[in-house]
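2 protein chains.
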Amino acid sequence: MKKYYRNILQRCTFCAFLLIFSLSIAAAMEALPDSPPVPDDNPMSAAKIELGKMLYFEPRLSIDGTVSCNTCHNVMTNGTDSRPVSVGVAGQKGGRSAPTVFNAAFLTAQFWDGRAATLEDQAKGPILNPIEMGMPNEKAVIDRLNKIPGYQQKFQEVFGGDNALSYDNIAKAIASYERTLITPNSPFDQYMRGDKTVLSKNAKRGMELVDSVGCTACHTGANFAGPISLPMGEGFYQKFPAFVDNDYIKQHKFMDDLGRYEATKKNADKNMWRVPTWRNVAMTAPYFHNGTVQTLDEAVRVMAETQLNAELKDNDVNAIVAFLESLTGSIQPQTMPRLPDTAKMSLVGDQ
Amino acid sequence: MKKYYRNILQRCTFCAFLLIFSLSIAAAMEALPDSPPVPDDNPMSAAKIELGKMLYFEPRLSIDGTVSCNTCHNVMTNGTDSRPVSVGVAGQKGGRSAPTVFNAAFLTAQFWDGRAATLEDQAKGPILNPIEMGMPNEKAVIDRLNKIPGYQQKFQEVFGGDNALSYDNIAKAIASYERTLITPNSPFDQYMRGDKTVLSKNAKRGMELVDSVGCTACHTGANFAGPISLPMGEGFYQKFPAFVDNDYIKQHKFMDDLGRYEATKKNADKNMWRVPTWRNVAMTAPYFHNGTVQTLDEAVRVMAETQLNAELKDNDVNAIVAFLESLTGSIQPQTMPRLPDTAKMSLVGDQ
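First to last, the sequence lines map onto chains A and B. Each residue of the first sequence is one higher than the one before, starting from 1 at the first, in the numbering used here. Each residue of the second sequence is one higher than the one before, starting from 1 at the first, in the numbering used here.
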């Protein structure tokens, strides 16, 4: 009888442990909400989203007509260009890898260094960046779109008033479209909503590992990129690399770019980076700010060493990768936008 | 009474003249058929068209992942890139302006110089062209797609057999998709099918002018690019420029490129060009093989001088442009393809 009670006691303890463990996982992890936050000064509408989609796919927003937002943040695939760093006008290369646009609407700061507070602010950057879309100034952008009757009409319809076709409104429309680019229905989300059959045993072990190893200290919240409830503009930053005494640092040139410091020039921001999302990460190779790591399992190893000073066993890497794969969401089918024509003349060429 | 009969006679003569004139216009001009010719060895199917659309939008068919078919032949706008000449990988420029993909299915030879007999043959060119998509050889293309499980599966589904993912089948799928890119319902087509109210008076005058001035001697057939009933591979070529004693020749460097001769090296092919389509021409500025003419009215003036040795009056140019605008067809809404992911690793980068 003693043995029987001991068994019962052991089982209860084990169950309690499991319960607490599950609760702690559950507390750290959340399903993605069905819709992202929307700023009060830029409410969404079907017409605005449609205009934003047109602008998102519009190569005439670049100086020579070769680069659109979608060139580097391709929504037909993974919301990025799968390249180490992107290629802008005239074959120029940027210094950082294009982050995916999917679920960017849940980030509380944009760009790798968080230098834009909102999607609206972010959208204004690449158009005027000389190595990305290369337009010389806001006026040149507006002048060009003003020569396209279809855009004049569409901006009037969406924003109205004398200044409907403004740089601010271009950004507002693009941001509204981007707020539709979310992937809430991954296997992980289905699991969190109650379907416990959808994750493999290995993926579930990976889910426990990312917690026990320490990854979710930073990759937290529904977007695994920091709390999604922070005020817009308040980015969630972490130091990378945290441990520099390993071969990866030199091999991947991780210290060549000082992250947020490059934008703020504050010493405290040296090597600080906005925590990137894990959602759809299995689709968005190559990895890290400079895109130097080719595969997801290598990325997991690098992170363990550089951030947690831990060397993971192969089967642990494998389990974590299986869990990360469960964060690949389904992307809703979209119609292609129709870009309005340019009234019997060409607006783009070599300057 | 004599006067009365004379009037009757005059009216009858006038009516007869009008009838003959209308018949001659009607004989020269035809509405676009609802579907293009399909080769026996590449029947269309929904699955093949869908695969072709994926490949058409697939930047991973280029060496560095930056250029897809759609980059230069953008189906969201006018089937071309609106640039003088296109930009391929690493910012390299081609020598000729990208022709629109819309209604290319009705052409009996492809490229400006007709060097490809079919859409299938055409599709194989740019992928391996070092200044366009830059893949080193067919094997490299197949090897890359073979690393994408979604493509393996899709090629198997569409083509079956041991060699489903072949270079020939890539071209077949792309060509099948391109055969859906036709614009049969322009105002002109509606007019030809009986709705006589759809063209303005000016456009109708333009329609008569292109016949009387002589444009339709070459811009003939339903695609205004030569007979669409020629056997595939038999291109419809004309000499351009035919009259060289005018300022346009030097100004636009029209003689720098010898056209079909560059492909065949036959003297008889010097300055011979496949006649380009008029369909959607109002949307596809800039004009000519080198894209040096910015506006449609200037293009009309240039053609009159270089091909017919004629100087057109402004109001005649205006009427011809109004007619050409009536050839802008409606483009069917399309869903965006989903490009399959690359299994946790990057396949493109800088070589």
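Any given hint could be a false lead.
[Stated by the list, open to error] Straight-line alpha carbon distances no greater than 30 Å define the calculated BS3-like cross-link-like pairs of lysine-lysine that follow:
(1) A/LYS344 with B/LYS239
(2) B/LYS201 with A/LYS147
(3) B/LYS239 with A/LYS93
(4) A/LYS93 with B/LYS93
(5) B/LYS196 with B/LYS93
(6) A/LYS124 with B/LYS93
(7) A/LYS147 with B/LYS93
(8) B/LYS147 with A/LYS147
(9) A/LYS124 with A/LYS313
(10) A/LYS196 with B/LYS253
(11) B/LYS204 with A/LYS204
(12) B/LYS250 with A/LYS253
(13) A/LYS344 with B/LYS147
(14) A/LYS344 with B/LYS250
(15) A/LYS93 with B/LYS344
(16) B/LYS344 with A/LYS239
(17) A/LYS147 with B/LYS139
(18) A/LYS344 with B/LYS196
(19) B/LYS250 with A/LYS201
(20) A/LYS201 with B/LYS147
(21) A/LYS344 with B/LYS204
(22) B/LYS201 with A/LYS93
(23) A/LYS139 with B/LYS93
(24) B/LYS147 with A/LYS253
If you are wondering where the hints come from, they were derived from the structure by calculation, not from laboratory data. This one's a predicted model, so the numbers in the text were calculated from it and none came from an experiment.
Verification of the supplied hints:
1. Restraint check for A/LYS344 and B/LYS239: satisfied, since their Cα atoms lie roughly 25 Å apart, inside the 30 Å limit.
2. Between B/LYS201 and A/LYS147, the direct Cα distance comes to roughly 26 Å. Compliance with the 30 Å bound is thereby established for this hinted pair.
3. A threshold of 30 Å between alpha carbons decides the hint, and for B/LYS239 with A/LYS93 the separation of about 42 Å lies outside it, so the pair is violated.
4. Simply put, A/LYS93 and B/LYS93 have alpha-carbon atoms about 17 Å apart, close enough for the 30 Å limit, and the pair holds.
5. A hinted pair counts as satisfied when its Cα atoms are at most 30 Å apart, and B/LYS196 with B/LYS93 does not qualify at roughly 44 Å.
6. This hinted pair checks out: A/LYS124 and B/LYS93 have alpha carbons roughly 28 Å apart, not beyond 30 Å.
7. Only pairs whose Cα atoms come within 30 Å are accepted, and A/LYS147 paired with B/LYS93 is accepted, the gap being roughly 26 Å.
8. A C-alpha spacing of about 44 Å is found between B/LYS147 and A/LYS147, which places the hinted pair above 30 Å, so the restraint is violated.
9. At roughly 44 Å between alpha-carbon atoms, A/LYS124 and A/LYS313 are farther apart than 30 Å, so this suggested pair is violated.
10. This hinted pair does not check out: A/LYS196 and B/LYS253 have alpha carbons roughly 69 Å apart, beyond 30 Å.
11. Simply put, B/LYS204 and A/LYS204 have alpha-carbon atoms about 71 Å apart, too far for the 30 Å limit, and the pair is violated.
12. Of the supplied pair hints, the one linking B/LYS250 and A/LYS253 is violated, its CA atoms being roughly 52 Å apart against a limit of 30 Å.
13. Of the supplied pair hints, the one linking A/LYS344 and B/LYS147 is violated, its CA atoms being roughly 43 Å apart against a limit of 30 Å.
14. Using a Cα cut-off of 30 Å, the hinted pair A/LYS344 and B/LYS250 holds, with the two alpha carbons roughly 23 Å apart.
15. Restraint check: the Cα-Cα separation between A/LYS93 and B/LYS344 comes to about 23 Å, which is no more than 30 Å; the hinted pair holds.
16. The hinted pair formed by B/LYS344 and A/LYS239 meets the criterion: a straight-line CA distance of about 25 Å does not exceed 30 Å.
17. The hinted pair formed by A/LYS147 and B/LYS139 fails the criterion: a straight-line CA distance of about 45 Å is larger than 30 Å.
18. A hinted pair counts as satisfied when its Cα atoms are at most 30 Å apart, and A/LYS344 with B/LYS196 qualifies at roughly 24 Å.
19. Distance hint between B/LYS250 and A/LYS201 is unfulfilled; the C-alpha atoms sit about 73 Å from each other, more than 30 Å.
20. Straight-line distance between C-alpha atoms of A/LYS201 and B/LYS147 comes to about 26 Å, which keeps the hinted pair within the 30 Å bound.
21. Simply put, A/LYS344 and B/LYS204 have alpha-carbon atoms about 19 Å apart, close enough for the 30 Å limit, and the pair holds.
22. Proposed proximity of B/LYS201 and A/LYS93 is contradicted: the alpha carbons are some 52 Å apart, above 30 Å.
23. About 28 Å separates the Cα atoms of A/LYS139 and B/LYS93, which keeps this hinted pair within 30 Å; it holds.
24. The straight-line distance between the Cα atoms of B/LYS147 and A/LYS253 is roughly 28 Å, inside the 30 Å bound, and the hint therefore holds.
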